[in-house]
Amino acid sequence: MLQELSYNLRVVWACAKKDMKSALTERAFTIIGVFVPVNVLILMSLFVLAGSQAPTAVVLQDTGPYAQQFYVAMSHAHSFRLQKATEALAQDLIETGRIVAVVTIPPDFDMRIRQSQPVRVDVEVNNLNTDFTNDIRRAVPLSITSFYARALPHLVTVTPEEHDFYPQDTDYLPYLAVSILVAALMLGAVLPAGTGSAREWEKETVKELLLSPAPRWAMLVGKMLGAFLVSLASVALVLAVLILVIGVWPVHWDEVLGYTLLTLAIFIALGTLLGTLLKQRQAVVALALGFPFLHRPFSSLPESFPCTMQLCYSSTPFITSHLTPLVQA
Amino acid sequence: MSKDVTPGATMAGRPGDASVPAIEMVELCKDFGKFRAVDHLTLTVQQGEIFGLLGPNGSGKTTTINMVSGLSVPTVGEVSVMGYNVRRDARRIRQILGSVPQETALYEELSAWTNLDFHADLFGVPRREKKERIIRMLELVQLLDRKDSRVGTFSGGMKRRLALGRALLHDPQLIYLDEPTLGVDVQSRRAIWDYIISLREQGKTVLITTNYLEEAQALCDRLAIIDHGKLIAVDTPEHLKQTYGGSVVELETVQPSDAVAQLRALAGVKDVVQDGSRLTITTQDNSNVVPQIINVISHQGEIHSIAVREPNLDEVFLRLTGTALRD
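So the protein lines, in turn, are chains A and B. Take the first sequence: its letters are residues 1 to 329, numbered as in our numbering. Take the second sequence: its letters are residues 1001 to 1327, numbered as in our numbering.
Read the hints as simulated data drawn from the structure, not as lab findings. As the structure is a prediction and not an experimental result, all values here were calculated from the model. Please note that the accuracy of each hint is not assured.
Which residues of chain B face chain A? A few of them, derived with a C-beta cut under 10 Å, are [stated by the list, open to error]:
| no. | residue |
| --- | --- |
| 1 | S1069 |
| 2 | A1090 |
| 3 | R1127 |
Straight-line distance between alpha carbons at most 27 Å, and here's what the computed DSS-like set of lysine-lysine pairs gives [claimed, not checked]:
| no. | chain 1 | residue 1 | chain 2 | residue 2 |
| --- | --- | --- | --- | --- |
| 4 | B | K1034 | A | K207 |
| 5 | B | K1147 | A | K21 |
| 6 | B | K1131 | A | K207 |
| 7 | B | K1147 | A | K203 |
| 8 | B | K1034 | A | K279 |
| 9 | B | K1130 | A | K21 |
| 10 | A | K207 | A | K17 |
| 11 | B | K1147 | A | K17 |
| 12 | A | K21 | A | K279 |
| 13 | A | K17 | B | K1131 |
| 14 | B | K1130 | A | K17 |
| 15 | A | K203 | B | K1130 |
| 16 | B | K1130 | B | K1147 |
| 17 | B | K1230 | B | K1241 |
| 18 | B | K1270 | B | K1241 |
| 19 | A | K203 | A | K279 |
| 20 | A | K21 | B | K1131 |
| 21 | B | K1147 | A | K207 |
| 22 | B | K1270 | B | K1230 |
| 23 | B | K1130 | A | K207 |
| 24 | A | K207 | B | K1230 |
Beta carbons are placed, not taken as given, at the ideal position from N, Cα and C, and that holds for glycine.
Please model the entire structure based on the sequences and the hints provided.
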């Protein structure tokens, strides 16, 4: 019994060790396995950041306190990435497609507010992108309400009383970071596991395994362990990029690591199955690259994960401070 | 027809006994859909012999060997190896079986040493003996100086030798070699033959599939000729030649002879092939018929040369199957 267990463990470790050595010597597939998930992570983050806030210019023709408060209300709407501009600069920016809207606060803004007269705030929208256009259409009235609630609270008689489910807000990027992380882990697991299994068939080395007296389950577990250990490299890289570059910081480390390992285990099993069925590494890579898109990572995955797996957004993320303007420009 | 071969019941002796046949196949069949790859094959390989399965590509040799090693399940019939039934004791059989598959199944991205090390772990070679055995095997196949080289850098012959060393690493009782010298240069082929012959001297049983007649003749104690999955003949190479070959008379005449019909009519003549002025006559018994052949030909014209020789296995195969071996 003990002897059998010792032999089985030896087989498991031998298969894992062999697969790790193979992965290290076949650099092309290892590089794909480690770096593609990071690429996916960065690419998706850029998509998220590029679409999260509408770049908008504000032409402040009045610099009075009410005009300033209106500007602050807009900046708190979470829908604009605001920049102050002159009328000429704003026109140039919208015509060259570098912003999607120009909001002009008229020179008599403060005076009219004080006299309780109607104020006309001009909003020029480049309605090429429906997402941004709808953001602007929703956020401008929201900013007006918010402005009145702050500047002239006696005029606003209906106020919401908010009760938050979580102690802190989760921004759009950290919310989607769970999906992005899962998509990246999916690739990081399916690629090494799938190519590791397919390699045995493609290079006909599977006979060495099939002709051995070792139990099939031990060889399978060994192969999955090897893929797991190789994929840890891509996990480390993905988490490092997520935390250090994008600036998303896990609130509960234990849960993030736990679910990361669970996700890895699930997708390594799936990758092993795929590799065994497809028997061709190129087919595995091609199919695995399409996986994140099959799972609608931007919508459904966060809902399938426990709500407690929270991530918060660092205040000085590299991407938001350096890359987002480049993407949105 | 299916027949159960329970160790110790229908076999002579018990599993592991020296008296038990190394391999016993009874009415073995293998179907792939409607195609029957192996057709009621019944064969016995004794311990300590080098046994050859000879047949053209697609004749069912590899399918037969896959059933012996448990890689493929017979559709009908039974196989036992050293008294163990492949259906029930596949793991036990794999422990006593060393395999050199046609494709070598070596990890080309890994070194020779790593390949053997992995094999030793898979086959449970005792840890304290592992290093020593790997060195011994690498020495045997003359690859010790290349132990750290990647297998992908090896020639075809070196890969075959390494695969052979790997198959012997766990000290198997039965070794099967599927086309052991396929794609190997002449020098390496000779070396591999020497290793195989040395295995018999160590008391190992060797099962070889080949479509090289000279290889079968040089190595095998007994041969089974297989075609379209059926057993055509089984015997020693010498016996096969005597039984199915007859003698061959090669004649060259000054003018092309028109006596072929007369020659075919002679009692004891099996076949006559004419190629210009050359005649190749296969006989059943040269001692009686050769004078008659000479008599017939000399009436037609002058004989330039005459030679009588033993048939080769190619001619035996041609006679038995009606096709050349490498068709």
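Any of the earlier hints contradicted here, and which numbers?
-> The structure conflicts with no hint, since it agrees with every one listed earlier.
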